[in-house]
Amino acid sequence: MTARIKKEDQLISGIMKDYEMSNPPEDFTAKVMERVELESVATVFLTKPLISRAGWIGISISVIILILIIVLGPSGESSSQSWWSETLDWKFSLPEINLEKWRIIDFSNSTLTWIILGSGGILLLAMIERWIEENRFRQTLFL
Amino acid sequence: MVDHQQDNIYISKVLEGNRNAYAYLVDKYKTMVYSLALRLVKDREEAEEISQDAFVKAYQSLASFKGKAKFSSWLYRIVYNTAISKLRQQPAGRVSLDESNITDNLYTESKQNYETLSAGERKKYLEKALDSLDRDEKMFIILYYYEERDLDDIASIAGLTKTNTKVKLFRARKKMLTVLQSYLKEETYNLL
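So the protein sequences, as listed, match chains A and B.
Our numbering applies: residue 1 is where the first sequence begins, and numbers increase by one.
Our numbering applies: residue 1 is where the second sequence begins, and numbers increase by one.
Everything labelled a hint here was simulated from the structure, so no lab data went into it.
These figures come from a predicted structure and were not determined experimentally.
Even glycine gets a Cβ: it sits at the ideal position worked out from N, Cα and C.
Careful, some of the hints might be misleading.
[As the list claims (entries may be wrong)] Computed spacing ranges between beta-carbons, pair by pair:
#, chain 1, residue 1, chain 2, residue 2, range
1, A, 124, B, 9, 42 to 52 Å
2, A, 17, B, 15, 31 to 41 Å
3, B, 161, A, 113, 55 to 65 Å
The whole structure should be built from the sequences, with the hints applied where relevant.
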């Protein structure tokens with residue numbers, strides 16, 4: 001630092017001793033905390049959904065297991081003889097759906113169809129949850 | 001250092017869910033934050049809005065504050081960015097100065113004249129000199145000379161490199177002295 005710069009630096013330092021800060025209004029902290037409080041309410045509702053992350057994982061795993069059972073398990077009438085029913089000594093039969101009525105839509109019995117149906121179901125659940133959550137949030141804030 | 005640690009204690013409390021702990025931080029920094037915002041926007045209502053916004057933004061992002069820098073530096077950066085976003089729609093109040101007016105005896109003249117002024121007059125000229133600077137320059141001068149922040153700190157607040165900050169601070173200092181000198185000359189001329 002040259003001597004001149006140093007002198008100027010000292011001069012400004014001296015001048016700035018006269019500087020005074022401006023005080024905000026008296027209720028400033030209260031106003032900020034009010035807004036913080038409001039933000040926290042919003043955050044609680046936005047970060048605590050109806051179905052938690054663990055819940056979604058559980059739903060997804062159940063859907064995948066269901067798809068696997070349907071896909072990997074023997075089809076038709078021999079289902080009562082399947083490996084898992086023998087192991088668990090438990091029988092069940094899926095309800096018969098008259099697909100003839102739905103001929104307009106091509107329901108094939110392929111794995112892809114079940115995966116699409118399963119994913120669609122999860123998506124639908126997610127949308128319903130979001131809709132309920134948004135309504136609840138709006139009601140909390142404005143009613 | 002102790003001050004810095006105390007801030008971190010309150011930040012931890014806020015992150016643990018104690019919202020009231022944040023009131024301590026607001027109380028502690030509100031004057032500096034508001035003053036800085038007021039220097040940047042020159043309007044009390046707007047400065048209050050910017051300050052409030054900055055505190056709310058800081059609260060929302062508190063979890064991302066790593067504690068590497070001082071909380072105050074992190075907060076001032078939020079204030080600065082909030083003010084800049086507000087000011088984007090407005091023209092910058094830049095005062096053009098002919099730097100060729102900067103003389104070698106700037107220091108001597110300014111110092112001699114300034115010391116003869118009363119406290120009230122000194123404050124008046126200081127306000128005028130600060131107002132003549134652009135928003136970055138004002139902030140640099142206040143943070144460096146009043147808050148006694150180092151160049152690294154100011155650079156992180158303004159999002160600039162240290163070298164760039166140094167150059168800007170140098171120019172701000174020159175400009176401030178030039179403005180003061182011209183006001184003081186005017187004052188002397190009026191007295192004569």
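Hints versus structure:
1. A:124 <-> B:9: 42 to 52 Å: holds (47 Å)
2. A:17 <-> B:15: 31 to 41 Å: Since the Cβ atoms of residue 17 (chain A) and residue 15 (chain B) sit about 38 Å apart, the hinted range of 31 to 41 Å holds.
3. B:161 <-> A:113: 55 to 65 Å: Cβ of residue 161 (chain B) to Cβ of residue 113 (chain A): about 59 Å, so the range 55 to 65 Å holds.
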